[in-house]
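A.B. asks: Here is how the chains run, residue by residue.
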Amino acid sequence: MSDATQNHADLAPSTGAKFRQRTLPILIFVAIILAIPMTDPSRTMLTLIHQMAINIVFALAYNMLLGKGGMLSFGHAVYFGLGGYFCMHVMNWIEEGSGIWGSYPTFFLPVMGFVAGGLAAAVIGSFSCRRAGTTFAMISLGVAELVFSGAFMFDSLFGGEQGINGDRMNGPEVFGLSMGPMQDIYWFMAFWTVVGIVAMYAFTRTPLGRLSEATRDNPQRVQFIGYNPTRVRWLVFTISGAFAGLAGGMSAVNYEIFTPEALSLIPSGFVLIMAYVGGITYFAGPIMGAILLTYMSSMMSDFTEAWLLYLGLMFVIIVMYAPRGIAGIVFGFWDGLRGAQSGEFLKRTLIQLAGCLLMLLGLIVLVEVSIRWSNGWGEVFEPYGMHFGHDSILTWIVIVVPIVAGAAILRYLGREKEEMPA
Amino acid sequence: MTAPALSLKNLSKSFGPAQIINDVNLDIAKGERHAIIGPNGAGKSTLFNLISGLYTPTSGTVSLNGTLISGVPPHEINRMGLSRSFQVSNIFANMTVRENVRCGVLHSLGQGYSFWKSVTSSKAVQEKTFEVLEHCALVDKANTPAALLPYADQRALEIAITIAGGANVILLDEPTAGMSHSETDRAVELIRKSSEGKTLVIVEHDMGVIFDLADRISVLVYGEIIASAPPSEIRGDPKVREAYLGDEALPEETA
Numbered sequence: 001m002s003d004a005t006q007n008h009a010d011l012a013p014s015t016g017a018k019f020r021q022r023t024l025p026i027l028i029f030v031a032i033i034l035a036i037p038m039t040d041p042s043r044t045m046l047t048l049i050h051q052m053a054i055n056i057v058f059a060l061a062y063n064m065l066l067g068k069g070g071m072l073s074f075g076h077a078v079y080f081g082l083g084g085y086f087c088m089h090v091m092n093w094i095e096e097g098s099g100i101w102g103s104y105p106t107f108f109l110p111v112m113g114f115v116a117g118g119l120a121a122a123v124i125g126s127f128s129c130r131r132a133g134t135t136f137a138m139i140s141l142g143v144a145e146l147v148f149s150g151a152f153m154f155d156s157l158f159g160g161e162q163g164i165n166g167d168r169m170n171g172p173e174v175f176g177l178s179m180g181p182m183q184d185i186y187w188f189m190a191f192w193t194v195v196g197i198v199a200m201y202a203f204t205r206t207p208l209g210r211l212s213e214a215t216r217d218n219p220q221r222v223q224f225i226g227y228n229p230t231r232v233r234w235l236v237f238t239i240s241g242a243f244a245g246l247a248g249g250m251s252a253v254n255y256e257i258f259t260p261e262a263l264s265l266i267p268s269g270f271v272l273i274m275a276y277v278g279g280i281t282y283f284a285g286p287i288m289g290a291i292l293l294t295y296m297s298s299m300m301s302d303f304t305e306a307w308l309l310y311l312g313l314m315f316v317i318i319v320m321y322a323p324r325g326i327a328g329i330v331f332g333f334w335d336g337l338r339g340a341q342s343g344e345f346l347k348r349t350l351i352q353l354a355g356c357l358l359m360l361l362g363l364i365v366l367v368e369v370s371i372r373w374s375n376g377w378g379e380v381f382e383p384y385g386m387h388f389g390h391d392s393i394l395t396w397i398v399i400v401v402p403i404v405a406g407a408a409i410l411r412y413l414g415r416e417k418e419e420m421p422a
Numbered sequence: 001m002t003a004p005a006l007s008l009k010n011l012s013k014s015f016g017p018a019q020i021i022n023d024v025n026l027d028i029a030k031g032e033r034h035a036i037i038g039p040n041g042a043g044k045s046t047l048f049n050l051i052s053g054l055y056t057p058t059s060g061t062v063s064l065n066g067t068l069i070s071g072v073p074p075h076e077i078n079r080m081g082l083s084r085s086f087q088v089s090n091i092f093a094n095m096t097v098r099e100n101v102r103c104g105v106l107h108s109l110g111q112g113y114s115f116w117k118s119v120t121s122s123k124a125v126q127e128k129t130f131e132v133l134e135h136c137a138l139v140d141k142a143n144t145p146a147a148l149l150p151y152a153d154q155r156a157l158e159i160a161i162t163i164a165g166g167a168n169v170i171l172l173d174e175p176t177a178g179m180s181h182s183e184t185d186r187a188v189e190l191i192r193k194s195s196e197g198k199t200l201v202i203v204e205h206d207m208g209v210i211f212d213l214a215d216r217i218s219v220l221v222y223g224e225i226i227a228s229a230p231p232s233e234i235r236g237d238p239k240v241r242e243a244y245l246g247d248e249a250l251p252e253e254t255a
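So the protein lines, in turn, are chains A and B. Each residue of the first sequence is one higher than the one before, starting from 1 at the first, in full-length UniProt numbering. Each residue of the second sequence is one higher than the one before, starting from 1 at the first, in full-length UniProt numbering.
Any given hint could turn out to be false.
Below, a list of computed lysine-lysine pairs in the DSBU-like style, where the Cα atoms sit at most 30 angstroms apart [stated by the list, open to error]:
no.: 1; chain 1: B; residue 1: K123; chain 2: A; residue 2: K18
no.: 2; chain 1: B; residue 1: K141; chain 2: A; residue 2: K18
no.: 3; chain 1: B; residue 1: K193; chain 2: B; residue 2: K30
no.: 4; chain 1: A; residue 1: K18; chain 2: B; residue 2: K117
no.: 5; chain 1: B; residue 1: K141; chain 2: B; residue 2: K123
no.: 6; chain 1: B; residue 1: K193; chain 2: B; residue 2: K141
no.: 7; chain 1: B; residue 1: K123; chain 2: B; residue 2: K193
no.: 8; chain 1: B; residue 1: K141; chain 2: B; residue 2: K117
no.: 9; chain 1: B; residue 1: K239; chain 2: B; residue 2: K30
No lab work stands behind these hints: they were computed from the structure. Bear in mind the structure is a predicted one, so any value in this text is a computation, not a measurement.
Taking the hints into account, I'd like the entire structure generated from these sequences.
C.D. replies: As structure tokens, then:
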């Protein structure tokens, strides 16, 4: 029984806990953003960082639907793309200086993307959000196909295959940024990424944000606390579309071009993978996923032509063995280290890691040897001066032994865990 | 005379050829604790679904405080002051107990669908949430994820969400199903406390609970109400004995 002195304030997290869980992470993030220019990053690095910023906002917007709202969309790039396209048009209106647009700063283009993405999502969501689950997923897929093919028909709006391009260096300057050099764009990206993250985190703390989670868990019960689950879904969908449009606006300023590809199923699938690999049950998950996958997609293609295959493998493995994603692994590891049996936990984790690395080693050799064999150009996989021909028995030993050994280690660990008393 | 809290008129519901509810007429007065009993498959849950708006009647009407509510969507019926619980725990499993209850109080305190202010900004919401948690003895478990609660506490949370919005007509669907004796006693106390000054409609299998709580009992058999009377009369009604209860099932009058 509770005593009389208790009140509602006792249930809320303490000020210290709030600071650690909410304020500190964003301060660290801002510190990293401020520190990056001091390392004098190369142009390649900056390009990569800008793409990461766009993807962070896009993946978080997507996770509003998937993680917090329980709505699986296969076509969220539609709102990213429509937001971005509208920004391209605005960019050109700014250049022409027509009407009020002449005095609109390019820096604030993402606001236009936000509005356009939100409007598009509000219209499409009005019929797609009636039901969740499979129905919603199928409608999202259909709408994505529809908009993508429509984009090739309406040339004046979407610019056909060439898309629409523009020049970001027009309109009034704000914060002393001419928006020309990449360093200026860096601050533009930093500003909108922080705004996006803070706004989307704040959303999870609002009544609608909470109702979104309630609707995900149990739409029937939501009806009996006085809310219409369809309306909750529609509002969340609209806001998620708006933030996707914001990311589209960031992309428009960054690349100064938008093509119909941006509306297609490929970016829609990619954002799903980013959010899921990062971990949809954590707010920070999609941020991690966006950073990792953006890095992989731009850097791994330098190392191997089979990088898409690795990406797919990673997605499948995460779905099957680590459904809470990278954030789940990171936070799980952190909790384990701080737990009672941290030594035991660390030992287990290291053995597990060794097993995974062994399997990965075998797998990489398998993929690299196979792809060269299949290409038929007589190329041979020769890492670090070693020679792995597909006709050499040694190659196949190097493939099979680590995979079997790694699998055996993981299997053994799995068994041992089952036998441990709970 | 004021309108009854709930009034069912010639209410029928069929699924295809199967007639589940057949011409039910029932008035439940304000402040009454009314129990609905009947054998498995009699249509008790269907009746609840009709009243709470989950199903639309095939024919007939349901009125809440004199206002027609048949055909009105469930969330609007809820806003008019009718709340219900479910036979199977129907909670927000991935949220904490406190968040579950807080979702339940949001609408009644005018929070609407707002997304421009924090859920913690309204002091009234926090206080009401705490009050409901305290009422249902869930304060100690406030920050536990709902899915991890023991069964009896999940049932208490089910009731907590049901009463959180302050509805004055409360429908409880088998609130003590699957509970031990001591747990049942606690649940009955909670129900009694929660329904004070309100109208309660309860479906229950535990005859002890029914005869303890109810002012009036309706017996539903094959979708028809064969008797509706105070417990003392139900006990003696030969029709009820024959159709449903069986002599040994009735608690002794002296008990």
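A.B. asks: Can the restraint linking B/K193 and B/K141 be considered satisfied, given a maximum Cα separation of 30 angstroms?
C.D. replies: 20 angstroms, holds
A.B. asks: Would you mind confirming whether the straight-line C-alpha gap from B/K141 to A/K18 stays at or under 30 angstroms?
C.D. replies: 20 angstroms, holds
A.B. asks: Measure nothing beyond the straight line between the CA atoms of B/K239 and B/K30; if it is 30 angstroms or shorter, mark the hint as holding.
C.D. replies: The hint holds at about 28 angstroms.
A.B. asks: Hint check: B/K141 vs B/K123, CA-CA at most 30 angstroms. Holds or violated?
C.D. replies: Within the cut-off at roughly 21 angstroms; holds.
A.B. asks: Does A/K18 sit within 30 angstroms of B/K123, going by the straight-line distance between their CA atoms?
C.D. replies: This hinted pair holds, its Cα atoms lying about 18 angstroms apart.
A.B. asks: Straight-line Cα separation of B/K193 and B/K30 no greater than 30 angstroms?
C.D. replies: 16 angstroms, holds
A.B. asks: When you check the alpha-carbon spacing of A/K18 and B/K117, does it fall within 30 angstroms?
C.D. replies: 17 angstroms, holds
A.B. asks: B/K123 and B/K193 were given as a pair; does the straight-line alpha-carbon distance stay at or below 30 angstroms?
C.D. replies: This hinted pair holds, its Cα atoms lying about 25 angstroms apart.
A.B. asks: Straight-line Cα separation of B/K141 and B/K117 no greater than 30 angstroms?
C.D. replies: 26 angstroms, holds
The earlier numbered hints are all upheld by this structure, with none contradicted.
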